[in-house]
Amino acid sequence: MFARIEGLPIIIVFALILALFMYTAPEVFLAPQIYTTLLSTAPPLILLAAGLTFVIGAGEIDLSFPSVIAFSGYVFAVLFKQYELGWLAVVGALASGVLVGVVNGLLIARIGIPSFIATLGTQFFWSGMATVLSGGKSYALRGADDSSVWQFIVGNFGDPNSIAWQDQVSIQAVWTALIVLGLWFVLNRHRFGEHILFIGDSNDVARVVGINVEREKIRLYTLMGTLAAVAAIMLTLENKNYFGNQGQGYLLTAIAAVLIGGTSIFGGRATLIGTVFGCFIIWMIEAGLVASGLTGAWVRTVQGLIFLIAIVFYLFVEEPGRRAELLRRFGRMPGPGRRDAGRPVAPGGATPRQP
Amino acid sequence: MTAGHESHRAAPAGGGDFTHIVRMEGVQKFFGAVHALRDINLAIGRNEIVGLIGDNGAGKSTLIKVLTGVIPPSAGRVYVRDRPIDLNHHSVGMAHAMSIETVYQDKSLGEKQPLWRNFFVGRQITNRFGFIRIREQKRIAGDILLNTIGFRGVGITVDSTVKQLSGGERQGIAIGRAMHFNSDLIILDEPTVALAVKEVRKVLDFVRRIKQSGRACIYIEHNLAHVHEVADRLVVLDRGEIVADVSPRDMTVPELTEYLIGLQQHR
Chain A
1 MFARIEGLPI IIVFALILAL FMYTAPEVFL APQIYTTLLS TAPPLILLAA
51 GLTFVIGAGE IDLSFPSVIA FSGYVFAVLF KQYELGWLAV VGALASGVLV
101 GVVNGLLIAR IGIPSFIATL GTQFFWSGMA TVLSGGKSYA LRGADDSSVW
151 QFIVGNFGDP NSIAWQDQVS IQAVWTALIV LGLWFVLNRH RFGEHILFIG
201 DSNDVARVVG INVEREKIRL YTLMGTLAAV AAIMLTLENK NYFGNQGQGY
251 LLTAIAAVLI GGTSIFGGRA TLIGTVFGCF IIWMIEAGLV ASGLTGAWVR
301 TVQGLIFLIA IVFYLFVEEP GRRAELLRRF GRMPGPGRRD AGRPVAPGGA
351 TPRQP
Chain B
1 MTAGHESHRA APAGGGDFTH IVRMEGVQKF FGAVHALRDI NLAIGRNEIV
51 GLIGDNGAGK STLIKVLTGV IPPSAGRVYV RDRPIDLNHH SVGMAHAMSI
101 ETVYQDKSLG EKQPLWRNFF VGRQITNRFG FIRIREQKRI AGDILLNTIG
151 FRGVGITVDS TVKQLSGGER QGIAIGRAMH FNSDLIILDE PTVALAVKEV
201 RKVLDFVRRI KQSGRACIYI EHNLAHVHEV ADRLVVLDRG EIVADVSPRD
251 MTVPELTEYL IGLQQHR
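Just so you know, the protein sequences line up as chains A and B, in that order. My numbering puts the first residue of the first sequence at 1, with every later residue one more than the last. My numbering puts the first residue of the second sequence at 1, with every later residue one more than the last.
Honestly, the hints are just simulated from the structure, not real lab data. Please note that the accuracy of each hint is not assured.
[Stated by the list, open to error] Residues from chain A that face chain B, not an exhaustive set, calculated with beta carbons under 8 Å:
1. R142
2. H190
3. S202
4. V205
5. G210
6. R269
No residue lacks a Cβ here, since even glycine has one placed at the ideal position from N, Cα and C.
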């Protein structure tokens with residue numbers, strides 16, 4: 001029963017943390033404004049984490065998405081502001097995200113560079129590119145809220161001049177919910193999602209059962225790049241400002257949200273519902289700690305701690321076999337970089353073989 | 001990919017008019033200077049289990065790879081259902097289309113995935129947008145579990161993950177999948193390696209089911225006793241050459257062992 005409802009453990013953890021903050025900071029967490037703020041500021045994180053759920057589910061990683069936030073954000077800002085292209089700026093930004101994704105996919109699938117290295121490289125390349133092209137300048141999109149682009153993508157449902165919370169509900173929350181819902185169907189019900197999970201399980205098995213592993217990986221990174229571009233557009237419009245390092249805060253938070261949510265670090269198992277609640281938790285820690293009177297410096301510390309607790313929890317509960325395997329592997333290699341070809345002997349002299 | 005296999009799902013295997021499911025004539029394979037396959041002549045009947053025996057490096061895997069289109073031979077001809085194959089365009093996908101399926105040990109199933117996904121992955125039943133018809137797949141998977149493989153009352157359902165199965169059961173799933181997709185020839189690559197005795201028995205039962213269902217099987221095995229028990233014919237490969245093609249009735253396991261040891265000493 002416990003395993004039947006997708007993401008149930010993390011939903012419970014979310015409820016507990018929420019209850020805790022309602023107790024420590026009732027004036028913030030029992031008022032509606034915090035939740036409308038959540039709806040307007042969490043979408044970029046959720047979109048990035050949703051894409052990463054596929055990537056990590058496939059047993060791969062993407063470190064380049066923060067620079068897509070920078071690069072596609074720049075493309076959008078410059079086309080929107082300098083050239084006043086309106087909706088074409090949106091198309092241009094999306095195209096730049098697709099480009100980054102396809103390049104990642106080709107490097108990883110066709111050339112065979114491990115995704116960690118490939119996307120580390122492209123991360124530097126594209127963020128550098130954004131800095132070069134923008135000359136390090138930021139772009140203020142003053143008056144953007146009059147455009148149809150702004151109103152359609154990040155506008156509010158209510159009267160824009162009202163400050164009542166009902167009028168502050170953001171449209172980007174709806175777009176994000178629809179995108180995540182669509183992705184949920186793709187992951188759980190579509191051929192592509194199934195291929196991603198089998199690839200995450202084992203590339204060899206995926207090939208033997210007839211999956212075109214290379215093609216699916218290119219699609220995977222294209223999806224990730226596109227979602228990162230959507231996040232970049234939303235973020236830039238919501239802030240009405242573009243600045244070069246606007247993506248930097250997302251690297252750890254997005255990866256943490258995915259892993260807290262219950263997607264396996266080894267690939268093969270992925271949950272979008274878990275990821276969404278992982279995002280809520282990451283976001284809420286930031287708001288909740290500050291509202292509870294701790295300084296902002298605590299935020300990263302606590303996020304990192306919860307991240308580690310979640311990993312350890314999943315390792316013990318969901319993948320005991322993998323844990324044993326890891327222990328064995330490290331048991332056989334007592335020193336860094338040392339490889340015992342002969343008999344494995346632990347520092348104590350005993351053979352560190354697991355039963 | 002989407003249409004088709006539902007309609008002939010229950011059809012018995014081995015329709016059509018042919019004598020041999022596969023036949024190799026004068027097949028040679030060189031890897032550089034290494035002569036991996038020497039003048040192989042081998043025919044597999046429509047409903048026989050052929051045990052393929054040989055030491056490591058005898059050429060068993062190479063033989064199977066040529067047969068299933070993973071690599072082309074250097075010379076010679078291959079026939080499937082008595083029809084010659086264009087070896088330059090032979091591929092794994094084409095072998096599948098011609099109802100030849102290989103079950104590799106440990107490499108056939110996604111461990112964390114439920115059985116119903118494992119049965120259909122790569123050949124999903126989908127609508128035209130590529131979305132999987134989950135209910136239909138689960139129903140058919142349940143049917144395979146019960147009727148094709150015969151998992152009854154062992155606590156395995158279509159939602160079980162492969163991780164929860166024993167080694168023998170895993171081989172059963174992979175064999176059942178091959179049988180469901182109407183493979184006329186199922187190639188088993190050392191299915192009993194690293195299995196407990198009880199699990200080996202299960203696998204041998206699955207192999208017998210292949211025969212009962214009217215299909216052919218090439219059974220590659222190190223353990224002579226296992227293969228001797230189920231095979232109709234034993235083919236011994238040594239240094240890329242077929243050196244014996246005998247019936248298990250004509251040669252006991254000890255005799256076979258002696259013979260193989262003799263081959264090695266000869267080396």
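Notebook entry, point to check: Going back to the hint list, which numbers does this structure go against?
Noted result: 1
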